[in-house]
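Colleague: 9 is the number of the first residue of the sequence shown in the numbering used here; add one for each residue after it.
Keep in mind that a hint or two might mislead.
Below are the BS3-like pairs computed for lysine-lysine, each with C-alpha atoms no more than 25 Å apart in a straight line [to be verified]: (1) Lys93 - Lys80; (2) Lys93 - Lys75; (3) Lys203 - Lys244; (4) Lys256 - Lys32.
Quick caveat, the hints were computed from the structure, so don't treat them as lab data.
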Amino acid sequence: MNLPTPVIQITNLHKAYGDLKVLKGVDVTAHRGDVISLIGSSGSGKSTLLRCCNLLEDSQEGEISFKGEPVKWTSGSARRPADQKQITRIRTNLSMVFQQFNLWSHMTILENVMEAPVSVLKREKGEVEAAARKFLAQVGIGDKCDVYPAQLSGGQQQRAAIARALCMEPEALLFDEPTSALDPELEQEVIRVIKGLADEGRTMMIVTHDMNMARDVSDHVIFLHQGRIEEEGNPKELFGAPKSERLKEFLGSID
């Protein structure tokens, strides 16, 4: 039986900043509906891996495929993605939610959510507005359409950022530490939204410091250590019976 084509496939990825090797041959496969959490200590390569996946960072070696379509690279020592149209297509299908929200301060929340579908995807404004209002209601801030980011709490701003990502109608969502800038109470607001997206069957890759969220929402957890996958598996096994001594130390340090 033929397996379905993965939404995201990363093979033998290497990334360095000068002499500093950040990723040293990482493999990740995400099929439709998979929720993959990337955990590890600061500097282990988690966020860099996510940014390479979305082509926000250039990698030096390895392959990245989206729905079976490999990224085309330039030849030569300093490789870059070669096809700008392909980059745009992949990025619009892999919506990224950042740690710091990145909302436009001069736009209302509704305008923030509508901006990319209208300006990048050239979708009809009325259709986009209806979708934006639907997604803002889904994340629990449907009553905040006409206010500005500065008038919202951090948790509300992050939920607006999630609605903005959803309004692109992407194939997958990429979360880079979506709760680390929030205090514990506001963090729970965002975690509830992410759990709801997981229950919907959304394909997601999540870089997180929150082990409870990784345990509760993920199908698969990857523990990165010094740029390599030290251990990976389903959350029950990985958190309940870790095999690697380094993972045991890591989990012990955050209990």
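Colleague: So, for every hint listed, does it hold in this structure?
Modeller: A quick look at each hint next to the structure:
no., hint, in the structure
1, Lys93 - Lys80, "holds (11 Å)"
2, Lys93 - Lys75, "holds (16 Å)"
3, Lys203 - Lys244, "holds (17 Å)"
4, Lys256 - Lys32, "holds (22 Å)"
Every hint from the earlier list agrees with this structure, and none is contradicted.
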